[in-house]
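A.B. asks: As a plain string of letters, each chain reads:
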Amino acid sequence: MYAQQKSSGTVFRARTIVLHCGFVLGFLLDAARRVAEGCAAPEAMANMRACFSSICFMAEGRTPMNDKIKRIYVPMTETGFYILFCLKEPQHGYGISQQVKQMTGGALSIGAGTMYGTLSKMEKDGLIVFEREEEKRKLYRITELGKEILSLEVNRIERLYKNSKGVEIHE
Amino acid sequence: MNNRKTIIRFFTIADFEEEEAWLHDQHKDGWKLLKMVPPCFYVFEKCKPQEVAYRLDYKNNAETGSYFQLFQDYGWEYIGRCVGWLYFRKAVSEMNAGQDGEIFSDNESRIEMINHVVKTRLLPLLVIFLCCVFPSFIRSMETYEPFAVVFTVLFAALTLLYAYLLIYCGLKLRKLRKRYG
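Read top to bottom, the protein sequences are chains W and F. Per the working numbering, the first sequence starts with residue 1, numbered consecutively. Per the working numbering, the second sequence starts with residue 1, numbered consecutively.
Nothing false has been slipped in among the hints.
Computed cross-link-like contacts, EDC-like style, restricted to lysine to aspartate or glutamate with a CA-CA straight-line distance of at most 20 Å:
| id | chain 1 | residue 1 | chain 2 | residue 2 |
| --- | --- | --- | --- | --- |
| 1 | W | Lys136 | F | Asp73 |
| 2 | W | Lys121 | F | Glu112 |
| 3 | F | Lys35 | F | Asp15 |
| 4 | W | Lys121 | W | Glu153 |
| 5 | W | Lys124 | F | Glu63 |
| 6 | W | Lys101 | F | Asp106 |
Cβ-Cβ distance ranges computed for the label pairs, FRET-style:
| id | chain 1 | residue 1 | chain 2 | residue 2 | range |
| --- | --- | --- | --- | --- | --- |
| 7 | W | Ser151 | F | Asp25 | 47 to 53 Å |
| 8 | F | Met95 | W | Glu78 | 17 to 23 Å |
| 9 | W | Glu123 | F | Glu51 | 31 to 37 Å |
| 10 | F | Gln50 | W | Glu78 | 32 to 38 Å |
| 11 | F | Arg139 | W | Asp67 | 46 to 52 Å |
| 12 | F | Tyr164 | W | Gly105 | 47 to 53 Å |
| 13 | F | Glu63 | W | Ser164 | 37 to 43 Å |
| 14 | W | Glu123 | F | Ile138 | 42 to 48 Å |
| 15 | W | Ser151 | F | Glu63 | 32 to 38 Å |
| 16 | W | Asp67 | F | Gln50 | 50 to 56 Å |
| 17 | W | Gly105 | F | Ser93 | 21 to 27 Å |
| 18 | F | Ala62 | W | Ser164 | 45 to 51 Å |
| 19 | F | Met95 | W | Glu158 | 31 to 37 Å |
| 20 | W | Val129 | F | Ala62 | 18 to 24 Å |
Treat the hints as calculated values from the structure; they're not laboratory data. C-beta: ideal position from N, C-alpha, C; glycine also.
Chain W on its own, in the form it takes in the complex (with noise of 0.2 Å):
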């Protein structure tokens, strides 16, 4: 068990290094090439810090990542918009769909294999966590990525219900 963490903490580190390395050589080849087209250097130093910032972004293991799942989850299915938007507060699966149900009026019911498949895979992908356990029953809660996920929903479903209704949005 420890050996496994280790070596896959080791993998990860050397994808860091591989990662930082292009991140360094990408920025010292574009330096040069301004360098030669005779540019001035406050630009390069705007350049280094927006690389550095990058760099920083990469170190906490996020954007890429969260691009990937964002365009995976964006838009979403409505079976897992409300799954999302009920696990604001801690829930079981059962429970979910006993709420989804209420809230549509019965209009949506969410089988027992859709639900176990759903919440499996946003646990993997980091939207939901894992937060106890009650009688057999694993409760969740959302996430920052699954609310930052949900918001980008909720944004889009708005703009697509105001453009129907034919109102103007501002923003």
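Starting from the known structure of chain W, fit chain F onto it as the hints suggest.
C.D. replies: Positioned in the frame of chain W, the structure of chain F alone reads:
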């Protein structure tokens, strides 16, 4: 004392919907599924004829207690598992709405299950066919030992069986995926 029967019936990995319908018909005739014995033995017990929906889920790895608890909360009775397939049933009289009779409520999750079957069952079958069965068949044809004919016939039969199953399941699963896609 004749309140049990065992039926041998073979369903491929692509025939789960036919299997559900067949089990439903058996229950309607007064035979409820008691257990499955791999690969293709169905043990039934006599019961009151009833409309009961049977549903199959496919999970390659061992499921935890929370999985079974979730299905139980939904009113699904777990019967047993057989080579990756999990058997559930629910009486039609216990259902509130039409959708209650399904374990998958959207096409995305149906397709996901089919993809899971393809990845963990159909592809390994294809690998075994291409790496073991078919090469053995070719090799057995090229040897001239006394018993080689026996092996050739055996491997020819296996090759035909594998080829038939692969083509049948491949086409059927593709058709299912298209229907839900």
